[in-house]
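Asker: From first to last, the protein sequence lines stand for chains A and B.
Just so we're aligned: 208 in our numbering is position 137 of the first sequence, and the numbers increase by one with no gaps anywhere.
Just so we're aligned: 734 in our numbering is position 147 of the second sequence, and the numbers increase by one with no gaps anywhere.
Treat the hints as calculated values from the structure; they're not laboratory data.
Just so you know, these numbers come straight off a predicted model, no measurement behind them.
Note that the Cβ used here is the ideal one computed from N, Cα and C, for glycine as well.
Possibly wrong hints are sitting among the right ones.
As the list claims (entries may be wrong) - Calculated pairs, EDC-like style, for lysine to aspartate or glutamate (alpha carbon to alpha carbon, straight line, at most 20 Å):
1. Lys163/A x Glu725/B
2. Lys170/A x Glu711/B
3. Lys699/B x Glu711/B
4. Lys147/A x Asp721/B
5. Lys669/B x Glu711/B
6. Lys177/A x Glu711/B
7. Lys699/B x Glu725/B
Said to hold, decoys possible - So the derived list for chain A, only partly shown, Cβ under 7 Å to chain B, looks like this:
8. Phe121
9. Asp123
10. His150
Stated by the list, open to error - Distance windows between CB atoms, simulated:
11. Thr125/A x Glu731/B: 16 to 22 Å
12. Asn108/A x Gly742/B: 27 to 33 Å
13. Gln650/B x Phe112/A: 15 to 21 Å
14. His76/A x Arg658/B: 50 to 56 Å
15. Thr130/A x Arg658/B: 21 to 27 Å
16. Ala143/A x Gln652/B: 28 to 34 Å
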Amino acid sequence: MESKHVHQQIAAMRQSFFDEEVLDEFFSQLEQLEDQNNPNFVEEVFTMYFRDSTTLLETVEQAMKTISITFAKMDKILHQLKGSSASVGAKKVLNEINKTRQVLEKGNLEGTKAGIWEMRKEYESLKAKLEPYFQLKQANSVPQEK
Amino acid sequence: MAPTLPSGDQASDQDNWDNGRLARKRQLLTEIVLRNRLTALVVDGDTTCRVLEQLLLRSYGVQTQGVDNGRDAVALIASGVKFNLIIIDMILPVLNGLEATRQIRDMGVHCKMLGVTACSGESERQAFLAAGVDVFIEKPLDPEHLVPILRELDGQ
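Bound-form chain A, shown alone (with noise of 0.2 Å):
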């Protein structure tokens, strides 16, 4: 009974990702290549998305702060970021991005700072989001709902 309820937690939570639209149809394709030999592929995928992004905004919040801004140094940071965001469903990361590398390419310096942390904004909210669910899953071994 126990697990039972367990596992509508943790099917009301993804379920809420899509509601909420922080996730988007990406995330099922990621949850299709996942199987019996690989049962915590999307988590491993998210930690990687996770630590390549964070050295990502990082670099990018950095090079805020100095002088001399090399716009286009950041677009390519910016369109890296766009990239895996998209393709692992991270739907309002990815739309935080596209504001911001449209801000950026109108030259609009306070513009993008405040994009950048609104992106940031969007980017820790998923991590808080999907933290818990994969601790959840994993540690309940929920066979993915396809």
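Got chain A; can you put chain B on it based on the hints?
Answerer: Frame of chain A; chain B shown alone:
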């Protein structure tokens, strides 16, 4: 589990279309059997993207190799290694995807090349196609684009 329809009210046409599209995507992910052993090179500087693209290909039985920059991709092809498919990003470290694609084509390589990139502008699309990719796909690489190409390469 697909995102569910709104409870209570009649599902809208848009909801029905979205759910139908998701169902078709899931079908594509599972319903393909390749008769031949295909090989693919994935060229992407981002680890997450490269790993995911390789895993997606492997889920269809495609043997893959991955490199994280354009120079290594060109060197690998120049060494004589052959692939049925090359998936290449536009923005790459060391040697960018446009130049890497040109150099690969200049070597006389005629295999299918997919430009899979986070770039979405028409000028980027035209530039990548002009450099030599056969298909331009905005990231992420998904089964809807990939499966028909694999079937074509498999001679189905």
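Asker: With reference to the structure, classify each hint as holding or not holding.
Answerer: Against the structure, the hints:
1. Straight-line distance between C-alpha atoms of Lys163/A and Glu725/B comes to about 18 Å, which keeps the hinted pair within the 20 Å bound.
2. With a C-alpha separation of about 19 Å, the suggested pair Lys170/A and Glu711/B falls inside the 20 Å cut-off, and the hint holds.
3. Between Lys699/B and Glu711/B the CA atoms are separated by roughly 19 Å; this keeps the pair inside 20 Å, and the hint holds.
4. The suggested pairing of Lys147/A with Asp721/B is violated, with an alpha-carbon distance near 24 Å, which exceeds 20 Å.
5. At most 20 Å may separate the alpha-carbon atoms for a hinted pair to count; Lys669/B and Glu711/B exceed this at roughly 27 Å.
6. A threshold of 20 Å between alpha carbons decides the hint, and for Lys177/A with Glu711/B the separation of about 18 Å falls inside it, so the pair holds.
7. Distance check on the hinted pair: Lys699/B and Glu725/B sit about 17 Å apart at the alpha-carbon level, within 20 Å; holds.
8. For the restraint placing Phe121/A at the interface with chain B, the shortest Cβ-Cβ distance is roughly 9 Å, beyond the 7 Å limit, so the hint is violated.
9. With a least beta-carbon distance of about 6 Å to chain B, the hint placing Asp123/A at the interface is held under the 7 Å criterion.
10. Taking 7 Å as the C-beta cut-off, the interface hint given for His150/A holds, the closest approach to chain B being about 5 Å.
11. Look at Thr125/A against Glu731/B: about 31 Å separates their beta carbons, and that is not inside 16 to 22 Å.
12. The hint said 27 to 33 Å for the Cβ distance between Asn108/A and Gly742/B, and at roughly 29 Å that hint holds.
13. With their beta carbons about 19 Å apart, Gln650/B and Phe112/A fall inside the hinted range of 15 to 21 Å.
14. Range check, His76/A to Arg658/B: about 54 Å between beta-carbon atoms, so the 50 to 56 Å window is met.
15. With their beta carbons about 22 Å apart, Thr130/A and Arg658/B fall inside the hinted range of 21 to 27 Å.
16. At about 31 Å, the beta-carbon gap between Ala143/A and Gln652/B stays in the expected band of 28 to 34 Å.
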